[in-house]
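Participant: Chains as they are written, first to last, in the numbering used here: chain A, 68 to 421; chain B, 68 to 421; chain C, 68 to 421; chain D, 68 to 421; chain E, 68 to 421.
Among the hints, a few may not be true.
Each pair may be met inside one copy or between any two copies, as identical chains are not told apart.
[Said to hold, decoys possible] When the alpha-carbon atoms are kept at most 20 Å apart in a straight line, the in silico DMTMM-like pairs for lysine to aspartate or glutamate are as follows:
{"no.": "1", "residue 1": "LYS276", "residue 2": "ASP188"}
{"no.": "2", "residue 1": "LYS392", "residue 2": "ASP326"}
{"no.": "3", "residue 1": "LYS189", "residue 2": "ASP267"}
{"no.": "4", "residue 1": "LYS322", "residue 2": "GLU170"}
{"no.": "5", "residue 1": "LYS187", "residue 2": "GLU309"}
{"no.": "6", "residue 1": "LYS228", "residue 2": "ASP103"}
{"no.": "7", "residue 1": "LYS417", "residue 2": "ASP271"}
{"no.": "8", "residue 1": "LYS189", "residue 2": "GLU268"}
{"no.": "9", "residue 1": "LYS419", "residue 2": "ASP271"}
{"no.": "10", "residue 1": "LYS233", "residue 2": "ASP103"}
{"no.": "11", "residue 1": "LYS417", "residue 2": "GLU336"}
{"no.": "12", "residue 1": "LYS419", "residue 2": "GLU359"}
{"no.": "13", "residue 1": "LYS145", "residue 2": "GLU118"}
{"no.": "14", "residue 1": "LYS419", "residue 2": "GLU268"}
{"no.": "15", "residue 1": "LYS168", "residue 2": "ASP125"}
{"no.": "16", "residue 1": "LYS98", "residue 2": "ASP323"}
{"no.": "17", "residue 1": "LYS145", "residue 2": "GLU96"}
{"no.": "18", "residue 1": "LYS417", "residue 2": "GLU359"}
These are computed hints drawn from the structure, not numbers from a lab.
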Amino acid sequence: MGKMVHVGSRKVGVAPGTLIHIGKKHLTEPKITVIDYNVDNFQELVAENIEEVYPFKDSENVSWINIHGVHQVDLIEKIGIHFGIHSLVLEDIVHTDQRPKVEFFDSYIYIVLKMLQYDKDKEELIAEQVSIILGSNFVISYQEVIEDTFDPVRDRLRSSKGRIRKQGPDYLAYALLDSIVDNYFVMLEKIGENIDALDDELLDKPTPKTLEDIHHLKKELIFLRKFIWPSREVVSSLQREESFFIKESTSIFLKDVYDHIIQVMDTIESYRDILSTMLDLYLSTASNKMNEIMKVLTIIATIFIPLTFIAGIYGMNFEYMPELKWHLGYPVIWALMITVALVMLAYFRKLKWI
Amino acid sequence: MGKMVHVGSRKVGVAPGTLIHIGKKHLTEPKITVIDYNVDNFQELVAENIEEVYPFKDSENVSWINIHGVHQVDLIEKIGIHFGIHSLVLEDIVHTDQRPKVEFFDSYIYIVLKMLQYDKDKEELIAEQVSIILGSNFVISYQEVIEDTFDPVRDRLRSSKGRIRKQGPDYLAYALLDSIVDNYFVMLEKIGENIDALDDELLDKPTPKTLEDIHHLKKELIFLRKFIWPSREVVSSLQREESFFIKESTSIFLKDVYDHIIQVMDTIESYRDILSTMLDLYLSTASNKMNEIMKVLTIIATIFIPLTFIAGIYGMNFEYMPELKWHLGYPVIWALMITVALVMLAYFRKLKWI
Amino acid sequence: MGKMVHVGSRKVGVAPGTLIHIGKKHLTEPKITVIDYNVDNFQELVAENIEEVYPFKDSENVSWINIHGVHQVDLIEKIGIHFGIHSLVLEDIVHTDQRPKVEFFDSYIYIVLKMLQYDKDKEELIAEQVSIILGSNFVISYQEVIEDTFDPVRDRLRSSKGRIRKQGPDYLAYALLDSIVDNYFVMLEKIGENIDALDDELLDKPTPKTLEDIHHLKKELIFLRKFIWPSREVVSSLQREESFFIKESTSIFLKDVYDHIIQVMDTIESYRDILSTMLDLYLSTASNKMNEIMKVLTIIATIFIPLTFIAGIYGMNFEYMPELKWHLGYPVIWALMITVALVMLAYFRKLKWI
Amino acid sequence: MGKMVHVGSRKVGVAPGTLIHIGKKHLTEPKITVIDYNVDNFQELVAENIEEVYPFKDSENVSWINIHGVHQVDLIEKIGIHFGIHSLVLEDIVHTDQRPKVEFFDSYIYIVLKMLQYDKDKEELIAEQVSIILGSNFVISYQEVIEDTFDPVRDRLRSSKGRIRKQGPDYLAYALLDSIVDNYFVMLEKIGENIDALDDELLDKPTPKTLEDIHHLKKELIFLRKFIWPSREVVSSLQREESFFIKESTSIFLKDVYDHIIQVMDTIESYRDILSTMLDLYLSTASNKMNEIMKVLTIIATIFIPLTFIAGIYGMNFEYMPELKWHLGYPVIWALMITVALVMLAYFRKLKWI
Amino acid sequence: MGKMVHVGSRKVGVAPGTLIHIGKKHLTEPKITVIDYNVDNFQELVAENIEEVYPFKDSENVSWINIHGVHQVDLIEKIGIHFGIHSLVLEDIVHTDQRPKVEFFDSYIYIVLKMLQYDKDKEELIAEQVSIILGSNFVISYQEVIEDTFDPVRDRLRSSKGRIRKQGPDYLAYALLDSIVDNYFVMLEKIGENIDALDDELLDKPTPKTLEDIHHLKKELIFLRKFIWPSREVVSSLQREESFFIKESTSIFLKDVYDHIIQVMDTIESYRDILSTMLDLYLSTASNKMNEIMKVLTIIATIFIPLTFIAGIYGMNFEYMPELKWHLGYPVIWALMITVALVMLAYFRKLKWI
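Make the full structure from the sequences, and use the hints.
Facilitator: Next up, the structure:
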């Protein structure tokens with residue numbers, strides 16, 4: 068988790084518009100899939116080389132080009148040039164540490180969001196950049212490596228379920244955004260379950276591990292918040308902006324996505340508050356326990372230290388100690404000791420320690 | 068309480084507008100009641116099947132259709148289609164984890180709020196979604212399971228008390244909102260009583276249980292705040308928005324509801340501040356107590372440890388220890404010990420420990 | 068103080084506009100006084116029955132009707148109906164847990180503020196609702212029970228001091244607001260004095276009582292803030308709103324009241340900051356003291372525990388312990404003990420403990 | 068410092084516009100100086116009586132009337148009436164606990180700021196009110212007692228250095244504001260030096276005095292902030308407001324003053340953050356030290372307490388204790404004791420305590 | 068680091084527009100370089116005296132005059148007068164403790180930013196002021212002493228890489244801003260690495276040094292934030308302001324710089340949150356450790372103190388102690404002691420201490 072806020076080495080001094088991939092480099096080949104559809108027709112292909120993609124620029128149907136793997140910079144550049152995309156945008160696509168944002172151009176809209184996944188091995192959240200170019204008759208989406216959360220959208224396209232095949236590329240873009248945001252709920256649910264488990268643990272038997280787990284969750288929420296907060300703005304702009312590319316009928320759906328993001332943010336804030344409350348409770352409980360420990364020590368010590376002193380007195384070897392010769396010396400000392408102990412106990416009772 | 072911020076499993080990848088009930092599924096049959104009224108007439112019926120409800124769409128009176136139980140999805144859908152309600156709205160009605168919101172459509176207004184109830188068995192707050200559709204001559208309200216907080220409104224309709232029978236559906240919708248918000252005060256009052264009780268306990272005899280109770284209340288306030296904060300916006304929009312469905316004479320009543328919500332929010336904030344203050348006081352008191360405990364231990368130990376050492380010295384069995392033979396050895400040692408103890412006590416007095 | 072944020076039992080489900088007095092019911096009779104004046108004339112009377120008040124509605128002079136005691140609901144209602152006041156406003160007047168607010172109507176302005184008083188017996192702040200109705204030629208003010216802070220205004224009216232007799236009812240309303248806000252300064256001054264006293268106590272000899280007092284003051288500031296913060300908005304609205312009822316010449320005086328409220332708020336914020344700083348200082352001082360206590364205990368214990376152990380060794384009764392027979396055994400042991408103690412002391416000095 | 072947030076006794080119930088001096092009353096005579104100048108001419112006089120000042124109202128040059136000492140209320144009133152100043156403004160001038168503010172009137176602008184000084188004897192900041200009246204051809208400034216920070220402005224006027232003699236009264240007012248704000252930097256510098264010194268002390272040898280000093284600085288910053296924050300607004304209004312009295316050429320200089328105040332605010336915020344960080348460090352260091360102390364105590368005590376117990380066993384006087392007769396009893400016990408001590412030490416090493 | 072927030076001694080009372088260098092005075096000669104270029108031509112020179120620079124004011128190409136070292140005030144003034152720069156601007160250039168800002172004049176734009184560098188010897192961040200004057204055909208940049216971060220821009224100009232030679236002075240100014248902001252990422256990366264290292268250290272083996280390092284990083288972030296926060300506004304103004312000096316084609320590049328600054332700010336905020344979380348974890352861990360230490364002490368002490376007391380009893384020298392004569396006295400006492408110890412251990416187990 069410690070590494071999550073790492074800022075990638077930026078290419079200081081390089082001319083803007085120069086395409087340099089920054090991110091985790093992966094050996095796998097990039098995979099380009101194209102889906103071209105309208106109400107009646109549906110075509111799906113996996114492009115072997117880039118040229119196969121070019122004709123879809125002028126397709127009369129809606130074309131969705133999905134590029135999985137953005138590290139092969141020249142590929143991104145060629146497609147970009149063919150579809151008339153600004154070099155700064157291409158730079159942002161391959162430079163995968165962008166902040167979520169939306170930019171409106173004359174011939175397309177550029178959207179950057181973060182897709183999240185929970186890595187079970189390392190027990191940490193992974194964020195991946197998703198770029199979406201929404202043109203007048205096409206959508207190009209760029210992903211990094213996470214297994215495809217866009218599959219349900221593909222299924223709906225294939226089976227022509229719902230209204231998706233009857234709508235334009237703006238609705239497709241909405242569907243992609245929606246599936247990304249829906250995924251945030253899955254992440255939150257996971258964190259929520261962890262919080263519930265920790266909460267039970269906290270009341271039952273808190274350990275130092277509980278503390279570390281609370282901090283770990285706090286860091287994950289800082290991480291989530293950093294990516295989701297700007298997403299709110301992105302969807303809000305998309306919905307408000309009067310754009311040639313987004314029909315009014317789609318706008319109401321974007322409002323729906325916006326509501327979901329707000330709900331995610333609300334939940335993150337509640338989680339943060341609850342974690343703070345849990346941390347306070349942990350610390351207070353620890354401090355209470357310390358109090359208990361100190362009380363036990365103090366009661367035992369303050370009772371026995373004076374008694375031991377008395378015993379020490381009569382363990383001295385002076386020749387002339389009259390008490391030692393008294394016949395009742397021993398029982399009298401016992402009586403004295405018991406009295407001292409009882410007075411101590413009464414005092415502690417008065418102080419409400421016992 | 069731990070479960071309260073749980074985000075329901077969202078139906079990732081499902082086409083928007085698909086009606087899937089998300090919430091606590093209940094076995095009871097949904098119950099549909101209709102009240103149709105104007106100044107002079109009043110009709111009330113419990114619908115056995117959905118078709119009975121249909122004619123009220125075109126009633127010339129004000130019709131209030133209340134649906135108790137939203138898990139029977141097809142029922143919701145049929146009525147929705149008949150009354151011309153958008154599929155996304157229907158989805159939100161059955162999907163009962165919405166954030167409070169208001170949406171303005173051409174032929175109706177859609178309002179979502181949360182109704183709160185205190186579950187005495189589990190000692191926790193329960194939130195339930197209430198959806199209200201305000202049309203030109205009808206109001207449809209959807210509830211989950213809580214016993215009916217709308218009864219007083221029904222009574223006023225039946226007995227024609229106040230102005231309610233003389234007004235349109237907007238006033239009815241206001242009356243429903245008002246009864247929901249009035250209920251928030253009941254919840255707050257309960258929390259307020261708990262805070263007062265805890266405050267007395269805190270000054271009297273704080274226990275670790277007190278601490279847990281403070282945290283429990285803090286969590287409840289986080290929970291309340293999450294639902295009530297967006298409600299403010301809802302009522303504010305209703306009041307400001309110039310809508311065909313809300314008459315100006317009703318607007319002043321909505322202002323009143325708005326004032327109440329602000330007051331609820333103010334009180335929640337004050338409660339939060341006071342709980343923080345109480346938590347601080349608890350911790351400081353605990354730390355003071357620790358100080359007291361340590362002081363007692365230290366005073367007793369630092370007085371008796373040196374004395375015990377002196378006793379230990381003259382308990383040694385060396386053959387050649389001249390003091391042991393002295394006739395006044397024993398009383399001299401007692402004098403020494405008492406002197407040491409007095410010096411210690413004087414020192415502690417100087418340090419203002421005693 | 069614990070009771071101060073209590074929300075009164077609201078009349079859940081009652082039709083809006085139903086007058087139910089909520090607040091502390093008092094047995095005393097309500098007292099109605101009327102002052103009717105212009106530059107030249109001045110008339111003052113205590114109304115025996117409500118009808119005496121009615122004619123002043125159409126008086127050509129400025130009439131100030133002050134009603135002390137709002138629990139007699141029918142009285143408030145009758146006057147309200149006569150002066151044409153909306154039923155929701157009347158409800159707010161008798162329902163004395165309103166948030167400070169201002170509402171503009173066609174024929175009058177309705178203002179709610181809180182008057183504060185310090186109850187010396189219970190050592191807590193009391194807030195009381197003051198409602199003011201500003202009409203075109205009259206002002207009606209409603210108070211609860213606090214002794215009259217409006218007396219100075221009456222005196223100025225009687226003696227025709229300042230410009231008050233030359234001005235209209237808006238200036239009278241301003242004068243009432245001003246006397247309420249001036250009273251806030253008196254409250255703040257009291258709190259300020261308490262803070263100063265606590266600050267001295269904190270540096271001189273802090274006790275657990277100091278801590279409770281700091282928390283008590285913090286709660287009082289939360290309480291003050293809750294009432295004064297919305298007052299700011301009230302006066303600001305009155306000043307900005309272009310109203311038929313408020314002349315421009317009065318507006319500059321309202322600006323003055325506004326400045327005073329801002330100053331009150333600033334001071335409250337500063338007090339909060341200072342109390343937080345004092346709390347921090349208290350806790351740090353307590354923790355420093357604990358450190359001191361622990362140091363003393365540790366120094367004494369770690370010096371004498373090893374020495375006592377050595378003494379214990381030579382107190383053993385083994386038959387064959389050669390040291391016990393040595394002629395110099397006893398002085399050698401003393402030398403050893405002194406060496407151990409000195410080494411310990413040197414070590415503590417190195418650690419900068421002594 | 069404790070007294071710094073004290074709110075002066077307000078004159079509750081007094082008619083507005085009544086001039087009552089509130090502030091520290093000083094026995095010295097008020098001193099009135101007049102400087103009348105244009106590019107070519109320069110006249111400076113100390114007025115013996117008020118009437119000498121009157122003619123400057125209609126002087127064709129720029130006249131600067133500086134009144135040092137505002138407790139002589141009738142003097143302030145006479146000049147005020149002559150120069151046509153509103154009675155509420157005169158009240159604010161003599162009532163020296165105003166919040167910094169600016170008010171625009173038809174024939175003049177009224178500005179209130181605070182001048183700060185460091186009292187070396189009491190080691191605390193002193194704030195003093197400065198009022199400035201900017202008319203079409205005159206500036207009247209009112210000060211309390213601090214030695215004159217306006218002297219450099221006077222010197223520039225006398226020597227005709229810079230552009231000041233060529234400009235109008237608005238530039239003169241700017242010069243006065245600028246010298247007040249420049250003085251804030253001197254105060255900040257002093258605080259900055261104290262922070263640096265404390266920071267060194269904190270890393271070197273923190274004492275309880277360090278803690279008190281940090282809190283003292285925190286309070287001073289609360290104090291500073293309270294006065295400087297509203298000053299920002301004052302200068303901003305002056306600069307933005309299109310006023311007959313402020314020429315555009317002066318506006319750019321006011322922008323400069325505004326930038327300085329923003330910088331002062333930034334620095335105050337940074338100082339607050341740094342002080343919080345220092346406080347945290349202090350507390351953590353104290354807690355670390357406590358840990359160290361406890362560790363030493365625990366190591367010594369847990370090693371020697373069992374050993375002392377063993378010695379105690381063989382110091383018992385039972386007649387039948389076989390070990391006491393063994394020839395090797397004594398060395399065996401020594402071996403046992405050393406073993407116990409070594410085991411303990413190994414255990415502590417494992418716990419990384421030593 | 069302690070010195071970083073130091074406010075330079077301001078020249079109180081000096082006439083505005085007087086050029087006084089405030090900053091670190093350096094003995095090195097200022098160095099003036101000029102680059103004059105268009106698409107086809109490129110000329111670079113190091114000016115020996117100021118007069119060489121003058122002709123470039125009217126060059127038809129784009130001229131970039133870079134002045135390294137601003138302490139030689141007369142040089143700055145002469146160039147300033149030649150290029151028609153306002154005296155207040157010149158004052159800000161040499162007075163190197165400005166807040167980042169932008170000012171729009173009729174014939175040029177004045178930009179102030181901070182350049183950051185990490186001083187490896189002192190292990191602290193250094194901030195240096197960079198002023199940029201953007202005119203219609205020239206850019207003048209002023210730096211203090213840091214080795215040149217503008218070198219990559221020079222290289223791109225020399226080699227005519229990218230679009231820089233084809234664009235006007237606005238693009239050059241953008242390139243300078245971009246290289247400054249890119250440098251912020253380098254600083255952040257360094258801090259991020261330190262945070263990661265500290266995070267590992269924290270979980271592995273935290274020491275008091277860890278704590279100091281966390282605080283050191285917190286201070287550095289306060290320092291960074293103070294300079295970068297206003298930079299956001301600067302770039303935002305440049306981008307929004309419709310200025311004659313900035314072409315629309317450059318505006319999109321400025322948007323890019325703006326996005327970077329937002330990202331820097333986001334990262335700073337996340338770092339702050341994470342450092343707070345780490346500090347909490349450190350303190351909680353320390354407190355947990357204390358708990359452990361206290362537990363060990365308490366367990367050992369409370370077991371052995373009573374046992375030692377028992378041993379002490381039978382070490383007393385009373386003549387008449389019947390137990391001492393019992394044949395089984397010694398083993399019985401051992402049995403008693405072992406019982407006491409076992410009971411204690413059982414009790415601690417019940418308390419879940421062991």
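Participant: Hint by hint, note whether the structure agrees.
Facilitator: Results of checking the hints against the structure:
1. LYS276 / ASP188: Classified as within: same-chain Cα gap 18 Å, cross-chain 32 Å, threshold 20 Å.
2. LYS392 / ASP326: neither (92 Å within a copy, 88 Å between copies)
3. LYS189 / ASP267: between (24 Å within a copy, 15 Å between copies)
4. LYS322 / GLU170: This pair counts as both: shortest intra-copy Cα distance 18 Å, inter-copy 10 Å.
5. LYS187 / GLU309: Intra 42 Å, inter 51 Å, cutoff 20 Å: neither.
6. LYS228 / ASP103: For LYS228 and ASP103, the Cα distance is within 20 Å only inside one copy (16 Å; across copies 39 Å).
7. LYS417 / ASP271: The answer is between: 14 Å across copies meets 20 Å, while 31 Å in one copy does not.
8. LYS189 / GLU268: between (22 Å within a copy, 19 Å between copies)
9. LYS419 / ASP271: between (26 Å within a copy, 12 Å between copies)
10. LYS233 / ASP103: within (13 Å within a copy, 40 Å between copies)
11. LYS417 / GLU336: neither (45 Å within a copy, 39 Å between copies)
12. LYS419 / GLU359: both (12 Å within a copy, 12 Å between copies)
13. LYS145 / GLU118: This pair counts as within: shortest intra-copy Cα distance 9 Å, inter-copy 50 Å.
14. LYS419 / GLU268: Intra 30 Å, inter 15 Å, cutoff 20 Å: inter-copy only.
15. LYS168 / ASP125: Intra 27 Å, inter 41 Å, cutoff 20 Å: neither.
16. LYS98 / ASP323: neither (31 Å within a copy, 29 Å between copies)
17. LYS145 / GLU96: within (16 Å within a copy, 50 Å between copies)
18. LYS417 / GLU359: Classified as both; 17 Å inside a copy, 13 Å across copies.
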